[in-house]
Amino acid sequence: MMKRTLVRCFSMIPQPPLDGFTPVLSEETVSFHYTKHHTGYYNKLKAFAETERPDLLDKSNEDIIKTETGFAFNQAAQLYNHDFYWNSMSNKGADAPSGELAAKIVVEFGSFEEFKKAFQGQVGAHFGSGWVWLVQEKDTKKLKIVQTHDAGCPITDDNLHPILTCDAWEHAFYIDYRNDKPKYAENWWNIVNWEFAASNLL
Amino acid sequence: ALDPHIDKETMTIHHTKHHNTYVTNLNKAIEGSALAEKSVDELVADLNAVPEDIRTAVRNNGGGHANHSLFWTLLSPNGGGEPTGELAEEIKSTFGSFDQFKEKFAAAAAGRFGSGWAWLVVNNGKLEITSTPNQDSPLSEGKTPVLGLDVWEHAYYLNYQNRRPDYISAFWNVVNWDEVARLYSEAK
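Line by line, the protein sequences are chains A and B.
Going by my numbering, 46 is the number at position 46 of the first sequence; the sequence numbering is gapless.
Count along the second sequence from 1, add 202, and you get the number used in my numbering.
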C-alpha cells in the first residue's frame, strides 16, 4: 500500500502522566480512561475511515465534528472532548484563576465560589452521559456554563468557544467515586488547569 | 449471587444507590400531586399526562425506577440456558434462531452510545429488539419490555470497565427465562 502523506487527520493528544491528576483521579482511572476509552474512539474512527470513509483521513477532529453526524461525529467529538478534558486538568499550578479570567468569572457569576457551585451542580445534575463546559460567547465575550449530552461538543455552535471541560460520563469517575458524582465534581476543582483556561480566552 | 457474571459490589451499589436515587427523586417530583396515585409503569406509559414542569424529572427518574424494578426480576443465579415453550418458538420464528436473537440483542446493547438500555419488547403482539437512551422506557412508546439489559456504565464498570461486549456475553448466564416467558405471555 502506498504511504500517504496526511495533511491533517483526526488525532488525540499524547498520554498525560498517570499521576498528573492525583489525588482527585487515580492512576488507574487515568490509565483506563486514556488507553481504553479515549484511545478506543480513535481506533474505531480509524477503522471506520480506513474501511468505509477514507476521506475522513484528511479531516481533523474539528472538521469531522462540523460536517458529520452519527458514528463518525460521536468518535471525533469524543476525541476533541477528551483532549480538552486532559488539557483542562493538572495537579500542578494555581488553585484559582487570576487576572482577566478571574475578573470575568466574578462579573458573570458573582464570585468564584458561586461559579464553582453552579458548575459542579451541573456536573452532578447532568442525567446520563455528557460534559459540562465553561465557554465564552464569541460575539459578547461573555462566559457561560453549558452542558452537552453524550458526545455533544459546543463547537457545533459557531458562537461558542470552549474554555474548560469536565467529563460527566460515569467512566470518568466510577473507579474513584463509584456513584458519588457530586464528590467527583467537588474535588475536581483541585486539579483544574487555570493556565490552560486563561489561555483559551478570546 | 450473580458472580462472576455480575459482581456483588456492582449489584449492591446499583440497587442501594443508583436505583434508590431514582426512587427518591421520583417521589420528590410527584409529591403531593395526583400522580402519586399512579404506578410507575402507568406514569412512564403516559408522560403527556405529566405536567411539563416535572415531565423530565418523571421521565428520567420514573424511567429509572421502572427499568430497574423490571431488571432485578430478570436476573437470577439459577438463570441462563435457553427459553422454552411458546417464547422459544416466537424467538425462533421472529429472529431465525436463539443465537441470531442473542446476536441482534447484543448488537443493540453494544451499539447504544452513551447511557441507555437494550430491550426485547412486545409491540402489537410481535417481538422486537430495540434500545432506549438514558432511562427512557419502551412503555413510553407503547411497547412492553420482556427482557432488558442496563448498559449505563455503572451497570458494568467495576468488573468490565470499557469491555461492554464481555458484560453482554456474561449477561446471558443470569437471564431468568421463566420470568421473561411470563412477561411475554402477559404482553402478547
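It is possible that some hints are incorrect.
In silico contact screen, one side only, chain B against chain A (beta carbon under 8 Å); selected entries [said to hold, decoys possible]:
no. : residue
1   : T214
2   : I215
3   : H217
4   : H220
5   : K230
6   : P285
7   : F315
8   : W354
9   : E355
10  : Y359
11  : N361
Simulated from the structure, these hints should not be mistaken for laboratory data.
Just so it is clear, the structure is predicted and the values come from calculations on it, not from any experiment.
Just so it is clear, CB atoms sit at the ideal spot from N, CA and C, and this is done for glycine as well.
Hints, verified against the model:
1. Annotation: interface hint on T214 of chain B violated; nearest CB of chain A at approximately 10 Å, more than 8 Å.
2. The restraint placing I215 of chain B at the interface with chain A holds, with a minimum CB-CB distance near 6 Å, inside the 8 Å limit.
3. Proximity of H217 of chain B to chain A is violated relative to the hint, the smallest CB-CB distance being about 11 Å (cut-off 8 Å).
4. A least Cβ separation of about 6 Å between H220 of chain B and chain A falls short of the 8 Å threshold, and the interface hint therefore holds.
5. Hint status for K230 of chain B relative to chain A: violated, with the closest Cβ pair at about 13 Å, above 8 Å.
6. Taken as an interface hint, P285 of chain B does not check out: its beta carbon lies about 31 Å from the nearest beta carbon of chain A, beyond 8 Å.
7. Against a cut-off of 8 Å between C-beta atoms, the interface hint on F315 of chain B holds, since the closest Cβ of chain A lies about 6 Å away.
8. With a least beta-carbon distance of about 7 Å to chain A, the hint placing W354 of chain B at the interface is held under the 8 Å criterion.
9. Hint status for E355 of chain B: holds, given a least beta-carbon distance of 4 Å to chain A, under 8 Å.
10. Taking 8 Å as the C-beta contact cut-off toward chain A, the hint placing Y359 of chain B at the interface holds, the least distance being around 4 Å.
11. Because the beta carbon of N361 of chain B sits about 11 Å from the nearest beta carbon in chain A, more than 8 Å, this interface hint is broken.
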